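Please put together the full structure from these sequences, using the hints given.
Letter by letter, the chains look like this.
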Amino acid sequence: MDLLLRFVIGGLVVSAFSMLGDLFKPKSFAGLFAAAPTIALATMVLTLHKHGAHYLATDARSMASGAAAFCVYASACSIVLMHSKLKALAATALLMPVWALSAAAFWALWLRGLR
Amino acid sequence: MTRISADPSALARTKWHEYLSRFAFGGAVTVLASLIDSHWGPVIGGLFLAFPGIFPAGASLVEAHAEERKQEAGMEGTERGRQEASLEAAGASMGAVGLAAFAIVVWWGAPRHSLWMVLPLAGLAWAIASWALWCLRERL
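Protein sequences appear in the order of chains E and S. Position one of the first sequence corresponds to residue 1 (our numbering), numbered consecutively onward. Position one of the second sequence corresponds to residue 116 (our numbering), numbered consecutively onward.
Don't read these hints as lab results, they were simulated from the structure. Heads up, a few of these hints could be off.
Straight-line distance between alpha carbons at most 25 Å, and here's what the computed DSS-like set of lysine-lysine pairs gives [claimed, not checked]:
| hint | chain 1 | residue 1 | chain 2 | residue 2 |
| --- | --- | --- | --- | --- |
| 1 | E | K27 | S | K130 |
| 2 | E | K25 | S | K130 |
| 3 | S | K130 | E | K50 |
| 4 | S | K185 | E | K85 |
| 5 | E | K50 | S | K185 |
Quick caveat: nothing in here was measured; it's all calculated off a predicted structure.
Structure, rendered in C-alpha cells:
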C-alpha cells in the first residue's frame with residue numbers, strides 16, 4: 001500500500017513538473033524543471049511519518065550529494081549533445097554512469113562512515 | 116536577457132501516451148528510490164532522491180517535439196532537436212544546484228521545525244537558486 005501510494009504521488013508530481021517544463025520558453029529555462037525535487041516531494045512526508053525527522057535529515061544530506069552528481073551529469077549531457085551526433089535518449093542514457101560515479105565520489109568524500 | 120514566456124499550446128503537442136509514460140516513469144523512479152532507501156538506509160538511499168531517472172525520457176521528448184516543429188515547417192529538424200535537448204540539459208544542470216539547495220534546507224530544518232514549514236522553504240530555495248543561476252548564465 002505504501003509503495004502504491006509512493007508510485008501514484010511520484011507519478012503525479014513528476015507529471016506536473018514535466019508539464020511546467022513543456023509550458024515555458026526558452027528551453028534552458030524549461031530545463032530547470034527537469035531537476036525539480038520531484039522524488040523528494042513525493043516521499044518526504046511519508047518518510048517523516050515512518051522514520052522520523054533525523055532519518056529524513058540524513059536522507060536530505062545525502063540528497064545534496066546526489067544533486068551535485070546530477071549537476072555534473074546534466075552538464076556532461078549538454079556538452080555531448082551539443083558536440084556529437086548522438087540522439088538525446090542514447091546520450092543521456094549512456095552518460096548515466098557519470099551520475100553514478102559522481103554520486104559515489106561525493107559519497108566517498110563526504111558521506112562515508114556516516115550513519 | 117532572453118525573455119521567459121509561457122506557451123499553453125505546447126501542452127497540446129504532448130500526446131496522451133507521453134503523459135502516461137511520464138506518470139509511469141515518475142512513479143517507478145519514486146518506488147525505486149524508496150526501495151533503495153529502505154534496503155540500504157538513508158545515507159545511500161538519500162542519493163537517489165536526486166536520481167535523474169526521468170531525465171533521458173524528458174530530453175528525448177524535447178528533441179522529438181523540436182524535430183516535429185521543424186519538419187512541419189518543411190525542414191529536417193535533427194540538429195535543432197539535439198540543440199534543444201542540449202539546452203534542456205544545461206537548464207537541468209542549473210536546476211540541480213537548486214536541488215542541492217532544497218536538500219540543504221531540509222537537512223538543516225527537518226530536525227528543528229515542522230515539515231509543513233520546511234518543505235515550502237526548501238521549494239523556495241530550489242526556485243531562487245535555480246532562477247538566479249539561470250539569470251546569471253543569461254547575462255554572461
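A quick look at each hint next to the structure:
1. E:K27 <-> S:K130: 19 Å, holds
2. E:K25 <-> S:K130: 19 Å, holds
3. S:K130 <-> E:K50: Distance of about 37 Å is beyond 25 Å: violated.
4. S:K185 <-> E:K85: 17 Å, holds
5. E:K50 <-> S:K185: Given that 25 Å is the threshold and the Cα spacing comes to 50 Å, the pair is violated.
Figure legend: structure checked against the earlier numbered hints; hints not met, in rising order: 3 and 5.
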